[in-house]
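**Student:** The chain contents come next:
There are 2 protein chains.
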Amino acid sequence: MRIVLIGAGNLATSLSFALMHSHHEILQIYSRTIESADTLATKLIDKYGGNISTTADIASVVSDADIYIISIKDSALHDVALQLKDGREDSLFVHTAGSMHIDTLESRRRAVLYPMQTFSRSRVVDFSDIPCFVEASSADDLELVESLARSMSNNVIRLTSEDRKWLHIAAVFCCNFANHCSALAAEVLESHNIPFTVMLPLIDETTRKLHSMSPADAQTGPAVRWDENVIGRHLDILSDDANKQEIYKLMSESIREMHNS
Amino acid sequence: MRIVLIGAGNLATSLSFALMHSHHEILQIYSRTIESADTLATKLIDKYGGNISTTADIASVVSDADIYIISIKDSALHDVALQLKDGREDSLFVHTAGSMHIDTLESRRRAVLYPMQTFSRSRVVDFSDIPCFVEASSADDLELVESLARSMSNNVIRLTSEDRKWLHIAAVFCCNFANHCSALAAEVLESHNIPFTVMLPLIDETTRKLHSMSPADAQTGPAVRWDENVIGRHLDILSDDANKQEIYKLMSESIREMHNS
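Which chain is which? The protein sequence lines are A and B, in order.
Heads up, the first sequence is in our numbering, so the first residue is 233 and it goes up one at a time.
Heads up, the second sequence is in our numbering, so the first residue is 233 and it goes up one at a time.
These are computed hints drawn from the structure, not numbers from a lab.
Hints are supplied without guarantee of correctness; some may be wrong.
Copies of the same chain look alike in the list, so a pair counts if it works inside one copy or between any two.
Derived BS3-like pairs (lysine-lysine); straight-line CA-CA distance at most 30 Å [unchecked claim]:
(1) Lys481 with Lys397
(2) Lys279 with Lys397
(3) Lys305 with Lys317
(4) Lys317 with Lys481
(5) Lys279 with Lys481
(6) Lys481 with Lys305
If we strip away everything but chain A, and leave its shape as in the complex, we get:
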């Protein structure tokens, strides 16, 4: 499949490697800044060979690709898709955003391929394990986007925009918010000269448990025991840090509520 990639951010980077790895052809990469497009194109050509043109001018995006994969920030998705759709009525437009409705694209042929993973530009993730959630505006395009996803991932799931909305919220909780819990812990440790690395065996086991127990069953700590002594002491200790104290209180009460019900 001849693909144009719109975007060169964290997700676009991992996705483009997976596409080339699965022998798809990337004709062109568009990014708002030509440097980002060039950097990504160079990395891909170094690894997989071929030719990839780059542009930062939306009017210069080629018109003859089979698929336009738009992988940019959610707030720009609608506008960029609108600017591209005229003259490309026969091409399939695909977006990769967890929280955006398929109809945001407004093109005749629309699809979603949402690879649910945390992408940092410096890490190229193995795509084959990533759950990819797909949806399309027609049965034929659903098969097409599904086969595109299957060429990269062993874990492809059909999901409507309505259900994907909830999936994305769940992902924010168990990835973004869980990671922020570690970031808050790192701040606490740093201010007492304890290296964050001492936490890794604990964090690893917390994650490993979820492969064999539900998170509710895996819950440990003072809040689930409702050990008011420990909770009270922790809240006291955090009295100079209103933000951490408030998060501590809210999370502890939420744990208690879940386990009482």
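With chain A fixed as given, assemble chain B onto it according to the hints.
**Tutor:** Here is chain B on its own, set in the frame of chain A:
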């Protein structure tokens, strides 16, 4: 070393297996309920042989052990240690609680051995990877408790009660609260018939990243990009669930604040 174990809960269970595995002798297990003590003793004898007596009567705890390891809930620690100390002035008392001061023990010879891990009774964890934080009331006993810890773990660190207090708060954030983020996600998914297992690759990668990046650098998602469209939509979607909505808001603002500073 001849050891008496006071407690038969999650931590005591994992610890007792590690002690026997390292050829220490457990003379006796005390628990408030004789069933818990018996269950644990039977499991240990089945695996390692030997004799272990059990009791639910604090007055029947033997007096001739080298070490009394008290691994019970924090709120009971002081009282139980007080009841045991008379007549055992030559024995070393050790507690295993992350958040409790060493002097809670009040015995002449006091020490702490805090294995920082999340213990669920159904999982026996490999102790060799667990960071163990040790402290004692004398230099000799520090060496003793350190060598006891080293016989079980490759990761033994000296830490004062004052610093351990902060360490324990950090552990609550990156284990208990991070796990609760997954539990909240599981609730969201369950109410839309999406299996929680689809989250595991995302959770695994979130954890793996922390082995090579700081949690602040690893942060992704709408809050760190401060994508108000997505955040606003998520808050709307959660409007029927005040608790999740409040946690979403607080965590997102905290992520933003950390990345602005």
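**Student:** Which numbered conditions among the earlier hints are violated in the structure presented, ordered from lowest to highest?
**Tutor:** 2, 4 and 5
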